[in-house]
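Each chain, written out:
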Amino acid sequence: MLLEVRDLHVEFHTRDGVAKAVNGVNYSVDAGETLAVLGESGSGKSVTAQAVMGILDIPPGRISGGEILFQGQDLLTLKEDERRKIRGAKMAMIFQDALSSLNPVLSVGEQLGEMFVVHRGMSKKDSRAKAVELMDRVRIPAAKERVGQYPHQFSGGMRQRIMIAMALALEPELIIADEPTTALDVTVQAQVMDLLAELQRELNMGLILITHDLGVVADVADKIAVMYAGKIVEQAPVHEIYKAPAHPYTRGLLDSIPRLDQKGQALYAIKGLPPNLLAIPPGCSFNPRCPLAQDLCRTDEPPLYDVTESPVPRTSACHFWKECLHG
Amino acid sequence: MVRRLARPAPQPGLHRLRPGHPLPGGHRHLAVPDRLRRPLDCDLSKAQEGSQPGHPFGFNGQGCDVYTRTVYGARASIQVGVFATLGVALLGSVLGGLAGFFGGAWDGFLSRITDIFFAIPVVLGGLVLLSVVTSATVWPVIGFMVLLGWPQIARIARGSVITAKQNDYVQAARALGASNSRMLLRHITPNAVAPVIVVATIALGTYIALEATLSYLGVGLKPPTVSWGIDISSASQYIRNAPHMLLWPAGALAITVLAFIMLGDAVRDALDPKLR
Amino acid sequence: MRGPGLRPGHRARLKQEFGLDKPVWQQYLTYMGNVFTGDFGTAFNGQPVTELMANAFPVTIRLTVVAILFEIVIGISLGVVTGLKRGRPVDTTVLLLTLVVLSVPTFVTGLLIQLLLGVKWGWIKPAVSPEATFDELIVPGLVLASVSLAYVTRLTRTSIAENKRADYVRTAVAKGLPRRRVISRHLLRNSLIPVVTFIGADVGALMGGAIATERIFNIHGVGYQLYQGIVRQSTQTVVGFVTVLVLVFLLANLIVDLLYAVLDPRIRYA
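Chains as they are written, first to last, in my numbering: chain A, 1 to 327; chain B, 328 to 603; chain C, 604 to 873.
Hints are computed from structural coordinates only; laboratory data are not their basis. Hints may be right or wrong, so weigh each one.
Taking CB as the label site, the calculated pair distances span [to be verified]:
#1 C:Ile741 to B:Ile582: 23 to 33 angstroms
#2 A:Gly156 to B:Arg501: 31 to 41 angstroms
#3 B:Arg509 to A:Leu254: 49 to 59 angstroms
In this text, a Cβ means the ideal position worked out from N, Cα and C, and glycines have one as well.
Please take these sequences and the hints and turn them into a complete structure.
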């Protein structure tokens with residue numbers, strides 16, 4: 001297994017108390033595999049990824065438990081300098097907003113070439129040639145001429161391609177893409193996503209795709225982990241989940257996608273708001289918003305049940321997963 | 328001559344008070360120690376003497392009690408600070424506010440004027456303009472500060488009026504047919520006034536410091552007015568032998584300016600948490 | 604007004620000699636014409652104003668250079684340290700110190716430092732010699748810089764603390780760059796843009812604002828000459844020096860604008 005996150009806990013110490021952002025997350029990605037992590041904002045999907053990358057703000061953040069195994073090695077036991085050498089070289093991250101994530105005062109050539117200068121000890125001149133090569137690879141036209149330009153001189157799609165090029169620079173084993181297409185025009189979204197998927201296949205990388213967009217997921221992901229209030233509530237291969245979700249939250253997400261055949265009807269929305277991380281409700285954290293909630297859900301926290309009726313391994317953190325699966 | 332004769336004969340204790348700052352009558356019944364009443368009542372034989380019973384801060388070069396003069400110095404400083412701030416705030420917010428509200432040519436003209444005033448170094452301007460003044464009152468100094476200070480407030484007032492003007496409820500009031508004066512007074516002013524108050528409070532401390540600097544350079548307040556700047560200036564000649572003459576008014580000045588700057592910080596935090 | 608020994612014809616001749624019989628606007632034009640050819644007239648003691656300038660400006664420029672160096676070295680370092688360690692004891696202490704420095708007028712700071720270092724402890728000479736060499740100007744330079752120094756510290760601190768949370772800094776960390784490189788190449792480059800522009804504009808302000816400092820340490824620079832000119836009502840000196848100072852001020856602002864474009868490519872290509 002390329003990456004295995006085991007029982008990860010992350011909390012943030014704020015003025016108002018301790019916010020429990022990640023509460024025992026387990027997931028894994030293999031080489032060449034794509035895991036989509038789905039959830040609303042505040043569900044802990046980005047925080048988990050930042051913990052894996054080692055770029056959490058500590059303090060206020062704190063990893064209070066768990067293991068992050070990368071190629072069999074627990075990253076949390078490594079020294080900062082050893083972790084730094086893995087970052088960027090063996091695992092890389094693509095962020096949502098390329099404009100703010102690129103340094104405004106350095107040319108894209110400098111920012112791309114920096115990867116080779118720092119991790120490979122390359123000269124500035126050689127690194128520039130490498131930068132042009134990378135820009136060609138992500139199909140930025142006239143790369144040679146544009147390598148000296150600054151981020152604000154590129155369009156949104158082109159900027160995100162530069163982010164992808166930067167992540168791919170040292171051909172890492174794992175890529176974490178945090179909402180890579182959310183900030184882009186719809187027409188550009190597919191192009192960027194296709195490029196990412198293509199490069200992933202080519203280099204046989206593991207990909208963790210963090211998103212709240214179910215449309216993107218269906219095309220590229222192998223398996224899905226749905227997160228709610230810092231926990232994974234359902235994990236399954238992608239086609240299984242679309243066929244029949246085994247958790248009411250997943251069902252709610254799928255039902256809130258507008259469909260053409262529903263034209264004229266009211267669009268479904270999950271009622272209520274995501275829980276306050278300072279005070280997560282007891283029992284199942286989804287119970288105040290859940291249409292299937294019983295007394296049991298308000299007192300007992302559901303474990304991850306194996307969905308035994310499924311031909312492939314899948315799990316659900318719902319006491320009533322059977323009802324949900326058939327309902 | 329006739330008029331002078333018609334005046335009541337000056338009382339012995341009072342005429343010494345006249346030149347600088349007559350104490351308001353209401354204060355006289357207070358149990359003010361005798362030395363507090365006469366800031367200019369000096370005894371040359373005690374010049375430069377240090378601390379002694381009844382005179383905790385010692386005496387200055389003219390043999391005046393430093394404690395008394397330090398206490399009296401607060402009056403000129405506060406007067407200059409408060410009146411300069413009021414003048415600057417009034418002039419600046421009226422001119423800036425109107426420019427922001429009406430825009431157009433008046434706005435452009437005012438912006439160029441503020442540019443010009445911003446280019447004048449304050450101390451240099453004070454030296455040039457105030458060196459021709461002979462009046463010993465605080466008013467020329469206050470006038471100078473208002474003259475050079477209002478563009479700062481005008482810019483801020485203009486900015487916040489323009490921001491307030493774009494609020495939907497102001498546009499709604501306009502759509503409902505509110506008159507210009509009603510919009511300006513009822514809708515815009517209450518929302519644009521906070522930044523002006525914040526900046527003005529912080530400026531109060533800097534005006535006190537500026538008064539002392541100008542007085543030190545000999546163009547601010549002039550004797551017989553009692554001011555920290557004047558006292559620091561005259562004490563600097565005796566710095567080798569009697570540094571206490573310098574330390575007390577300097578300390579009082581520093582603490583006062585610090586207090587007003589901190590007050591400004593507190594007002595800012597109270598009125599506009601975003602500025603933190 | 605007329606002196607006892609002044610004969611009537613004498614007065615008229617003097618008036619004619621100095622061009623005082625012509626209308627004021629014509630006198631002004633003559634003066635301005637002379638200024639453009641480098642003739643600023645003569646000071647109260649008969650010395651040409653240009654000669655005073657030739658002596659005074661190098662001194663004040665040296666003083667300003669010392670002050671700016673203090674702002675850059677101490678101000679920026681303190682700002683970076685406090686910005687990175689926001690909320691820690693170092694930060695609170697420095698912040699409080701800057702507040703104190705900001706509240707004490709420069710001339711009081713100057714007098715106190717002169718008293719302590721010059722008179723009490725004898726580390727420095729209380730007055731600077733007419734040559735005003737760099738080592739003599741270290742303490743006066745620090746005094747002149749003090750208020751701006753505190754301001755630079757605060758400005759740098761705010762800017763660093765703001766940019767520290769920026770997305771591109773997170774990207775730089777995610778790229779596996781060493782902490783030093785993240786700070787120096789990514790964080791500082793962006794955070795220092797407002798600071799550099801402030802310091803640039805401060806050059807003009809320091810040169811014009813050195814009057815009190817120069818008076819305290821008896822430095823015979825621009826501020827001293829201006830002060831003398833004002834006290835002795837020597838219009839030629841005052842107008843001449845102020846003219847040059849305003850030119851310096853404008854030049855400094857122009858350089859700041861150009862510097863801004865060099866530092867921030869978003870402005871260069873806008």
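Each hint tested on the structure:
1. Checked against the given bound of 23 to 33 angstroms, the beta carbons of Ile741 of chain C and Ile582 of chain B, roughly 28 angstroms apart, stay inside it.
2. With their beta carbons about 37 angstroms apart, Gly156 of chain A and Arg501 of chain B fall inside the hinted range of 31 to 41 angstroms.
3. Range check, Arg509 of chain B to Leu254 of chain A: Cβ separation about 54 angstroms, and the 49 to 59 angstroms hint holds.
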